[in-house]
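Please model the entire structure based on the sequences and the hints provided.
Protein chains in written order, with our numbering: chain A, 1 to 233; chain B, 1 to 233; chain C, 1 to 233; chain D, 1 to 233.
Zero decoy hints are in this set.
Note: identical chains are not told apart, hence a pair may lie in one copy or across any two.
Derived pair list, reagent style DSSO-like, types lysine-lysine, alpha-carbon separation capped at 27 Å:
1. Lys39 / Lys107
2. Lys217 / Lys12
3. Lys217 / Lys107
4. Lys107 / Lys93
5. Lys73 / Lys39
No wet-lab data here; the hints were simulated from the structure.
Protein chains: 4
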Amino acid sequence: MTRKQPTEAEVKAALEVIFARDSQVYQDRGFMRRIGFGKRPALINIDLANAWTREGNPFTCDGMDVIIPGVQKLLAASRARGIPIVYTSTAYKVPDGANSDAGLWGKKIPTEVLLEGSPDTAIDDRIAPLPNEQVIIKKRASAFHGTYLSSFLKAHNVDTVIVTGVTMAGCVRHTVEDAIAEGFRPIVVRECVGDRVWGVTEWNLFDIDAKFGDVEKLDTVLDYLHRIENEPR
Amino acid sequence: MTRKQPTEAEVKAALEVIFARDSQVYQDRGFMRRIGFGKRPALINIDLANAWTREGNPFTCDGMDVIIPGVQKLLAASRARGIPIVYTSTAYKVPDGANSDAGLWGKKIPTEVLLEGSPDTAIDDRIAPLPNEQVIIKKRASAFHGTYLSSFLKAHNVDTVIVTGVTMAGCVRHTVEDAIAEGFRPIVVRECVGDRVWGVTEWNLFDIDAKFGDVEKLDTVLDYLHRIENEPR
Amino acid sequence: MTRKQPTEAEVKAALEVIFARDSQVYQDRGFMRRIGFGKRPALINIDLANAWTREGNPFTCDGMDVIIPGVQKLLAASRARGIPIVYTSTAYKVPDGANSDAGLWGKKIPTEVLLEGSPDTAIDDRIAPLPNEQVIIKKRASAFHGTYLSSFLKAHNVDTVIVTGVTMAGCVRHTVEDAIAEGFRPIVVRECVGDRVWGVTEWNLFDIDAKFGDVEKLDTVLDYLHRIENEPR
Amino acid sequence: MTRKQPTEAEVKAALEVIFARDSQVYQDRGFMRRIGFGKRPALINIDLANAWTREGNPFTCDGMDVIIPGVQKLLAASRARGIPIVYTSTAYKVPDGANSDAGLWGKKIPTEVLLEGSPDTAIDDRIAPLPNEQVIIKKRASAFHGTYLSSFLKAHNVDTVIVTGVTMAGCVRHTVEDAIAEGFRPIVVRECVGDRVWGVTEWNLFDIDAKFGDVEKLDTVLDYLHRIENEPR
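Right, here's the structure in full:
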């Protein structure tokens with residue numbers, strides 16, 4: 001374990017060993033419970049805009065060959081059931097100066113490349129929103145912070161949020177933490193989330209599954225969506 | 001006082017009598033204190049979009065012949081000092097149905113005429129925002145609810161919000177209540193706020209001045225803006 | 001209408017004339033719609049603590065001979081149905097200084113007399129909470145601001161809030177505005193709300209009924225509570 | 001790396017290798033910037049109550065032999081400068097049932113052992129709060145969620161939050177994410193934070209330092225506190 005250049009597979013193997021030990025502690029103490037699916041889900045796709053899904057941007061993430069097809073299946077199933085669908089993007093009108101809407105985040109990460117209205121911050125057209133689906137432009141990591149997401153979900157009597165997107169260490173994680181805090185059951189779709197550096201997806205999924213929401217396989221979530229009632233709201 | 005059709009002047013006179021009595025009670029008990037101006041103001045213009053400022057819309061308000069010139073003066077003074085300037089409009093992408101962002105408000109008021117991106121919900125061009133000024137599209141009455149306004153103001157170290165716009169019984173009042181709750185000193189500019197029915201502007205200004213913020217004359221606010229430091233933030 | 005000392009009955013009569021005219025404008029324009037009762041209510045009693053319900057405090061309100069018996073009936077009906085019940089009080093640990101939790105509100109109203117843990121800020125024992133009912137100590141006017149009320153209600157799948165208490169121009173109004181913004185149907189119980197100065201209850205109920213929630217008679221609300229299902233949550 | 005039982009030192013060594021690689025990616029892309037100290041700090045101690053600081057509770061954390069003395073030094077320096085000091089604890093009046101304030105969190109973690117008013121949820125007396133310091137009882141992971149913390153800090157013109165406590169994977173991380181979102185500079189004190197399972201402190205500090213706040217040594221933070229002005233607020 002002193003090699004300077006482990007492969008990504010070796011990193012994941014090392015993490016699995018740690019997670020196995022930590023899971024034992026959590027389970028012995030009554031953590032890692034299942035929150036379960038509720039009756040009225042919504043689908044929330046976090047920051048699957050071109051800056052994150054395409055090559056060549058500081059925000060570019062890995063794994064889109066798996067994430068995008070997974071989200072396409074979730075969109076089809078969600079639209080068939082008529083459940084609320086929300087996309088987010090993170091974008092700024094004024095990256096810096098006296099009227100900047102970037103807040104303090106530009107002091108940590110390169111928010112200056114995320115311009116509102118630019119192609120980079122538009123949703124990837126392989127999973128394009130329909131005209132009546134909400135695209136929420138957020139300014140912070142969480143899809144709930146400084147947005148109308150929570151009251152949108154409550155007004156539609158949603159009790160469960162199915163979460164996809166990027167990044168696990170940033171916007172997806174903060175969104176999930178806020179979701180359970182607000183009173184919504186968070187379900188993170190394993191194949192449909194990602195990030196841009198090694199290990200970070202695995203670690204944040206581990207923390208979430210221990211404390212904040214359930215991490216579920218795509219097939220499990222699709223089965224759930226096929227089973228729920230198609231009802232007027 | 002049994003006449004069926006008092007004039008607007010008579011309505012105002014009747015309200016003044018009530019306010020005089022009520023003010024005595026409030027003052028005897030320690031209400032109606034002055035919150036005062038802070039050191040770092042921002043200007044917040046509530047819903048001065050065409051649906052409210054022009055004739056012919058269900059949301060049309062009175063008094064634009066006084067409100068608009070007053071806001072023009074505040075904009076000039078604020079821009080000269082480089083303080084943050086925010087406009088709001090209330091507008092919806094999807095007025096009804098499973099993906100509506102109108103929440104429950106359409107069950108009380110005609111939100112269905114406020115379409116995001118339409119000329120009706122664009123800011124009145126007599127007080128047009130500059131390219132680097134924030135126009136926040138809100139979904140609820142308060143400019144703070146479901147928006148990034150509070151964290152925008154905090155990140156710029158604002159301590160005082162100068163509030164103009166419409167309507168006094170709705171969006172201006174709720175914004176002022178939230179402003180003091182959040183920790184900002186609310187200053188409502190007397191000549192620059194209004195509404196669409198008799199008495200409602202006066203009554204809500206009375207309640208605000210008693211409990212939530214200071215109602216100040218335009219000249220007083222302009223004097224304050226001229227006196228503050230023009231400083232980098 | 002120029003008399004200096006109208007009676008309270010004359011004040012109310014004058015307001016009724018104004019409201020009749022204003023209501024016509026609102027109705028012609030599509031305001032004053034009915035939001036209606038939902039399926040899962042909660043009862044929210046605002047600031048019915050001794051500082052407001054008993055004589056001799058700056059915060060003392062009128063009308064407790066009607067409000068208290070009304071709330072007793074609502075409590076009985078709500079407990080029989082097993083719906084969530086929340087009381088609020090407004091109270092401070094540190095009224096002023098570097099660690100004060102009064103925020104800026106002490107600059108407008110006498111928050112310094114509302115000490116957390118004192119008899120004044122305890123709920124009136126004529127409507128005492130049961131051990132398993134929530135008493136939320138808030139710091140601001142709205143029961144939602146800076147409290148866990150919204151996520152409490154969402155986690156219990158509440159869709160309707162039945163609101164009682166004081167004051168109409170302050171905490172009740174701000175709570176109702178926030179309730180509809182958050183996605184809950186606000187129902188204000190006409191006989192169970194009040195304030196401490198003339199006219200202010202009537203005016204704020206008028207504004208609320210026009211825009212933010214339905215004002216309903218106590219009997220109507222009791223009928224509704226008797227009709228809903230007594231269900232496990 | 002296939003051994004089933006690595007030691008804690010080996011786990012940390014493996015993580016360091018991963019972090020070195022990931023840091024390179026972040027720095028190449030413009031992440032991992034320094035947010036820096038502001039002018040008006042507050043000290044926020046997260047969940048240093050007996051359930052977390054003492055042996056024998058499901059929530060018991062490691063490392064108190066270092067965390068507690070560090071927090072003692074921070075408290076002394078903060079009190080000498082008169083800056084706002086806040087402690088949090090997580091506790092529930094009603095762990096389950098129709099009036100539970102645990103929200104959905106009890107479906108993931110053992111919230112049922114955290115009773116409001118019990119010795120377990122009282123702040124550890126080795127770092128006891130003074131009578132005029134705020135102890136905020138929160139219901140969710142973040143110290144900001146459903147509490148008056150944000151408006152308390154804004155009303156005191158705070159721009160920087162110095163964060164200590166537990167757990168890194170839960171309440172400390174969520175608090176830090178919310179802090180920068182709200183517009184406060186988060187500074188996490190390296191020696192004064194912890195958790196209860198291997199690796200989780202290191203990983204969450206890595207994610208935070210990359211994106212949400214600065215992780216600083218205790219000595220650096222103490223130096224900063226000694227340098228700031230002791231000023232009336």
